[in-house]
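Asks: Take a look at the letters that make up each chain.
2 protein chains.
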Amino acid sequence: MPRAIPRLEYLFNPSTIAVIGASREPVKWGSIVLSNIIKGGYEGKVYPINPKAEKIQGLKSYPNIGKVPLEIDLSIIAIPAISARIPEVFEDCSEKNVKMAIILSSGFGETGEEGRRAEEELVSAARKASIRFVGPNSMGIFSALSNLHALMPTIRPQKGSISFVSQSGNLGVQMLSRGEQLGVGFSMFVSSGNEADLHCEDYIDYFRRDQNTKVILLYMEGLRDGKRFIEITRKTTKQKPIIALKAGETRAGAKAALSHTGALAGSSRIYNSVFKQFGVIKAENTEEMLDFALAFNQPLPKGRKVAILTRGGGWGVVTADACNKSGIEVPKPPEELLEELDKLLPSYWSRNNPIDTVAVRDPTVSIDILNIISKWKDIDGLIILGGFGEFYSDFLKRIGFDDFYIEMHREILERDVKKLIEIANNSGKPIFAVAFKLLDRSKMIRLLNENNIPVYYSPERAIKAFAKLIEREEYLKARAKGF
Amino acid sequence: MPRAIPRLEYLFNPSTIAVIGASREPVKWGSIVLSNIIKGGYEGKVYPINPKAEKIQGLKSYPNIGKVPLEIDLSIIAIPAISARIPEVFEDCSEKNVKMAIILSSGFGETGEEGRRAEEELVSAARKASIRFVGPNSMGIFSALSNLHALMPTIRPQKGSISFVSQSGNLGVQMLSRGEQLGVGFSMFVSSGNEADLHCEDYIDYFRRDQNTKVILLYMEGLRDGKRFIEITRKTTKQKPIIALKAGETRAGAKAALSHTGALAGSSRIYNSVFKQFGVIKAENTEEMLDFALAFNQPLPKGRKVAILTRGGGWGVVTADACNKSGIEVPKPPEELLEELDKLLPSYWSRNNPIDTVAVRDPTVSIDILNIISKWKDIDGLIILGGFGEFYSDFLKRIGFDDFYIEMHREILERDVKKLIEIANNSGKPIFAVAFKLLDRSKMIRLLNENNIPVYYSPERAIKAFAKLIEREEYLKARAKGF
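One line per chain: the protein sequences are A and R, in this order.
So the first sequence is numbered by the numbering used here: it starts at 1 and just counts up by one.
So the second sequence is numbered by the numbering used here: it starts at 1 and just counts up by one.
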């Protein structure tokens, strides 16, 4: 019998939450998660459940969920698996009309035969109680819309348009943390744990329907229902890009995955062919996950031609190489464009693409060059190498320019960056920026982040990500033709 | 007629320097380079040369080099190329017994036919004056030994054991700057510019003979004397690793390189086969340059087997995948080792490699686990994923632990890190660390940096770099067999 579509709005946007296993000891997970929910600014009602406490973290505590005065949408279960009380807890939950649960407790399927049996009992108890659940062995969820940080770690992810399901809690959480460092924001995150009940495809299906999600990110080690994954994926990639890292691809990796979440990794050949056929964008490593997700903040290119704007010859060369390797063209600018640029650049400039501004230092030049390039109809995207970050301001400061001059330089730079954002918004073409000071968090870079211009710290990584926009555009075109 | 080996000690370790084109205007290159030399702490004598000034930056200035009271080892020439005075300057230099020059001026071979002729004149004038020179179109040099920052940009590279020749000034300098951010140190750097006289192979040959250089790094776009490059490379790779990024590999890249330094890029097939035959380690992108250089701070592995120590299942899986893809083995630990680990880890631990400590939080456990792993004779290296950086301290702070506890945790962590360093030093095997907070510059990470344990921010990149140690070991073995 097919089961109803899980109502994941009760998971990601609940009105009432019970934290079962909430504790006054700060080092217990139940206590940490409760504190994260409260400090994270969740606006619904949250009830700590603990048989021994009257008050936890300033909130009235209840000995069991039955005593809570309201119905509960979501139960977060943080009691040890070995207590074997979870099925019983589900019974209590059912009386309060709980729709969703997150089981943080570990020690189930990932630990061997006995754990697998306990996990099966969990599933039966949940079905009896009409509760759908995340986990077990989950590190929790995040939802930007409801300010919900139901997470074991204390991170506060940046809000944005990526929704992410990760079969590894640790890896997922560190990606959120990296996002925070890089200015990459998330709409929803779920550490799906062992996926005893809800599977990664259930979350994907919900992300597909969520208006705030522009890109879906997936870290996976294995699948419990390949057929359903394919069905949902196919439906989803018509609307939104899915970027997936499939780990456990190799023998050594698969062995590690088995002892990690109990997942059967499956052959990488099968996954590659499924991904390709159903338009899933494959990340080859953990860095590519965020690199690629970031790219989809930009519109898709209509073709394969880009202009590269650089301030240093060498960077132009490696970027052109990277384009060639990814099948991206770097065409020569038309003569009339070259003539316009001639007026601004020294006589010996390269007159080609990459457009090398030969480190011309007059700051008013960049904006004029950008204006000229924006008239180039025959390109499908623009890659800008350097010039936005703190590199040059640092230089000015160190050679002894006074604060007044540096401030003036910053104002001109800010004007240029705003102009770039305007050009990007009007052009309908993807524009990527590359900064050379690693993790530059200066005002200009933040301005680019906030306006959805992706910033990379390596041109080669920027180009690989750009190629994924092309891949998606071509997939959508093929699919529109009725494939 | 073969020319004498250039005496590059006068370039990288001069007793006296003249800066020709020194200026009182802070924005002129001559002024910036002079200021960098002075502020950088160069201990020899430096003489500004300027026909119009009496004093520049607190130093007595001379109208021409002839008026300087001492002999000059190195002249740095920062007058515009268009003044066409450089050949004349060489004549003056020759009277002062100048051995080396750096020509920062641009506008030569990289600008077209006329520039190429001017460059040829430069070469004749230098030969007549018995001066060897860097450039033109160079951004300068750095030498840790003599605290010499004869550079156009204001960076202060970290001191270390990498010596680096870059045919792109911009790219080279930004690598130095990244090194500073990542804790990667340099012994010497030269922006070789157009290589009208001294070629990249001349610097490589000098780096080969330099005791402080452990790794040679090369960014190249093309060669002027392929045969000599091969000769010197072959001699060098017997003693030290050379890591090279060959840019301009593709059609688009080669075109860009031509207009950048006038270099003929040559076919990538030829370079690949030369690199392979003569043991040059190829970096595929700019990130790999520093990733690989960093690795060679560690001893070479005797074989292909590694142990992976992780605190999170997912990271273990992607690392095992990366190993498999690079031909690195992840063998199962022997039973007696597993039994020892059983005593420390929860009953459901994976009993396999990656050794997943299942996020055991007792901080005294790590050191015991490390001690056990260090007894594992049959592995050739160790990869440690996480646990050293600020990630966990941040977590403790956020869940409300007081400063006293966090300080205690830091002390235990520091003891563990020191133990790791001791194990690394005694084992003779390569040990790599992976940190998950990007650009973590906390005390523990610095301690690892200072003790030559490479720190990466992505396990996949760490593994690629580890594979290069294996490549080098195998090259040396093959070569010892008389290949």
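Hints should not be assumed to be uniformly reliable.
Unchecked claim - For lysine-lysine, the following BS3-like pairs were computed, each having C-alpha atoms within a straight-line distance of at most 27 Å:
hint: 1; chain 1: R; residue 1: K282; chain 2: A; residue 2: K325
hint: 2; chain 1: A; residue 1: K39; chain 2: R; residue 2: K437
hint: 3; chain 1: R; residue 1: K437; chain 2: A; residue 2: K325
hint: 4; chain 1: A; residue 1: K343; chain 2: A; residue 2: K214
hint: 5; chain 1: R; residue 1: K437; chain 2: A; residue 2: K443
hint: 6; chain 1: A; residue 1: K282; chain 2: R; residue 2: K325
hint: 7; chain 1: A; residue 1: K305; chain 2: A; residue 2: K282
hint: 8; chain 1: A; residue 1: K96; chain 2: A; residue 2: K28
To be verified - Only part of the chain R face toward chain A is listed, based on derived beta-carbon distances under 10 Å:
hint: 9; residue: S31
hint: 10; residue: K39
hint: 11; residue: G41
hint: 12; residue: G44
hint: 13; residue: E110
hint: 14; residue: G112
hint: 15; residue: A129
hint: 16; residue: Q181
hint: 17; residue: T286
hint: 18; residue: N324
hint: 19; residue: Y457
hint: 20; residue: P459
Think of the hints as simulated: they come from the structure by calculation, not from any bench.
The structure displayed is predicted, hence computed values, not measured ones.
Cβ coordinates follow ideal geometry from the N, Cα and C atoms, glycine included.
Asks: If you check each hint against the structure, which ones fail?
Replies: The structure conflicts with hints 3, 4, 11, 12, 15, although it agrees with all the remaining ones.
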